[in-house]
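Novice: Given the sequences, and given the hints that come with them, work out the whole structure.
Heads up: the protein sequence lines correspond to chains U and D, in order. End of the first sequence sits at 452 in our numbering; the numbers just go up one at a time, nothing left out. End of the second sequence sits at 1146 in our numbering; the numbers just go up one at a time, nothing left out.
Derived from the structure by calculation, the hints contain no laboratory data. Errors might be hidden in some of the hints.
Coverage of chain D stretches by chain U, computed from C-beta distances (three or more under 8 Å per stretch; other residues unrestricted) [unchecked claim]:
{"hint": "1", "region": "1017 to 1031"}
{"hint": "2", "region": "1097 to 1104"}
{"hint": "3", "region": "1118 to 1130"}
Which chain U residues stay away from chain D? Per the calculated CB distances, all over 10 Å, these [said to hold, decoys possible]:
{"hint": "4", "residue": "Asp57"}
{"hint": "5", "residue": "Ala61"}
{"hint": "6", "residue": "His152"}
{"hint": "7", "residue": "Tyr153"}
{"hint": "8", "residue": "Leu252"}
{"hint": "9", "residue": "Arg339"}
{"hint": "10", "residue": "Gly412"}
Note that the Cβ used here is the ideal one computed from N, Cα and C, for glycine as well.
Here is how the chains run, residue by residue.
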Amino acid sequence: MSKSSRRVLLFRLLTLLALAWIQAWGSAHADPAFADVFRDHAATMLLVDPGSGAIRDANAAAVRFYGYPRERLLAMRIQDISTLAPLRVNEEMERAQSGEREHFVFRHRLASGEERKVAVWSSPLSIDGKVQLLSIISDLTEMREANDPFWHYQSGLEHKVDLQSSQIAAYVAERREQDRRTILVLFVGVMALLFLSAVLARDVRRRRQAEATAKQLLEKNAQANGALQRFTEVAAHHLQEPCRRMASYAGLIRRRLERGAQLAELEPLALTLETQALRQRTLVRDMQLYLAAGQASAQQGVDDPAALTRELFARLADQHSQAPVTLSVAEMPRIPLDRQWLSYCLRCLFENAVEHADPEQPVEIRVFTRAVGGGLQLLITDNGPGIPTPYRERVFGVFEQLSPPISATRTGIGLAIVRRIMETVGGRAMAEETPGGGTTIVLEFTREELAS
Amino acid sequence: MIINQPVFTVLLVEDEIADADLVRMAFEESRVLVRLHHVVDGVEALKFLRRETEASATAARPDLILLDLNMPRMNGREFLQQVKQDEDLRAIPVVVLTTSDVERDVVESYGLGAAGYVVKPVDLDQLIHAIKGMESYWFTVVKLPQ
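Specialist: See the structure below:
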């Protein structure tokens, strides 16, 4: 047996004797004697609460060994000293308390930061009715320093285990660092992909919107071109008619003159010639207006439409029918249509109301506004014969009339111009029945027009 | 002097009074003896044909209809469609008499059942000539339904 082994055996014997003596002495004597022994014994001893690991007492040898001031040591838990994980320490304390195991080997951390391998003999003791673990700690480090082949071999193994453990820990730490970097790179990659996807989705959405807008513009353009094409054809047809009539009536006058017709016989024919010339001029003027309505603007707007309405009505007073015509105008907000075009719309609608009115009945015209769905409607109502339902949309067509032309200045383009003006500025024009009878023309301006 | 010439009835559907007068005068100038009834649009024409007006209650059924295309309320195309869908009226020949020489109007009119398409001449002599031509074809050559 080597010298070191003998010292271990001797230490164990001493410890067992101390424990036996403490137990025998403790059962035969009062606590103060145990306290004296505990305090003065050369072996390093701790009293530990098995439940929490709190160090309840430490003898002078323990204070010297661990290097902490006594008060500080008593404020610590065994988990603070042991390098084992706290859960593992708890498990070992349970084993010691149950008597399953009484000898342990730990690494304890000293106040200096140094770690020592220690053998711990731990047994449960009932002190003041409470079970505590009496732990006797023996420093194995010093024993190992002896030149004992067994401990040299043991220390070598432990050194290798420690080295491999540290290598494994370093490897694990490195892998964790690599994993962290990989996760970071993946996260950045995923975020970049999400960002690119969002950008692509936005671009696709914008492109689709642009395509839809372009398609709408093309369709609108095609519709406008189609409308202009139809207008050109119809306009050409209507412009020919007065010319043809003038030529025909001129031929008729010539034939009558050749037969020696009197002036009275020729006068109605000459009047027709004049009428057709006037019709021609009016047609050209209205066609120019229709084309110009495609450039209508809402940039200026009319701040006081009620005043403009009264002014236009006063100018038309001379053209009123035989029956009295009265105008009722409400106070109205700003109308988002340039004065020139609003004037045309009001003048045209006044003329229509008067022209189609019953000559025997007083004509009542009302002009007011109403808010609809965030937009604004300007309403011009009359108490005339009204427009039958099938014709309410049709009357807005070019050259569409509800009755044969009774004067040379009626071309059937007026309402078409009104609608073209409204559509050009983004609004619309429509006809309704006036409650109680008559026609109501509605000029509707959208919320966007009002905001512009 | 025209004696014992059969008297035919013509319904002129024309919104423009000056044109209606021209046609009437052209009939007179061409010495074609017809009973000429004039209405101003398709609605009035249908009422006349269906004897729903005072003037048509005792009038003879038209042998020929001269039809303008562009008119208020019911235009010539709509009128033509209505007439050709009416069992009692579809046999009456309808000749379109219009200023339009647009091919689409010509094709559409024949498609709707027009018996002829005449572009209103600019010159009165040509109108008289056209009236005479219609008279010789429809009232002499062609056998019309009684």
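Novice: If a hint holds in the structure, say so; if it doesn't, say that too.
Specialist: Against the structure, the hints:
Here's how the region 1017 to 1031 of chain D fares: 7 of its residues keep a CB closer than 8 Å to some CB of chain U, so the rule of at least three is met and the hint holds. Evaluation of the coverage hint for the region 1097 to 1104 of chain D: fulfilled, as 3 residues show C-beta separations to chain U shorter than 8 Å, against a requirement of three. Requiring three or more residues with a Cβ within less than 8 Å of a Cβ of chain U, the coverage given for the region 1118 to 1130 of chain D holds, as 7 such residues are present. Every CB of chain D lies more than 10 Å from the CB of U:Asp57, the least distance being 118 Å, so the non-interface label holds.
Under the 10 Å C-beta cut-off, the non-interface status given to U:Ala61 relative to chain D holds; the minimum distance is some 122 Å. Residue placement check: U:His152 keeps its beta carbon more than 10 Å from all beta carbons of chain D (closest about 117 Å). The beta carbon of U:Tyr153 is kept farther than 10 Å from every beta carbon of chain D, the shortest such distance being approximately 115 Å. In this structure U:Leu252 is not separated from chain D by more than 10 Å, as the shortest Cβ-Cβ distance comes to only about 5 Å.
Non-interface call for U:Arg339 relative to chain D: holds, since the shortest CB-CB distance, roughly 32 Å, exceeds 10 Å. A beta-carbon of chain D comes within 10 Å of the beta-carbon of U:Gly412; the shortest separation is about 8 Å.
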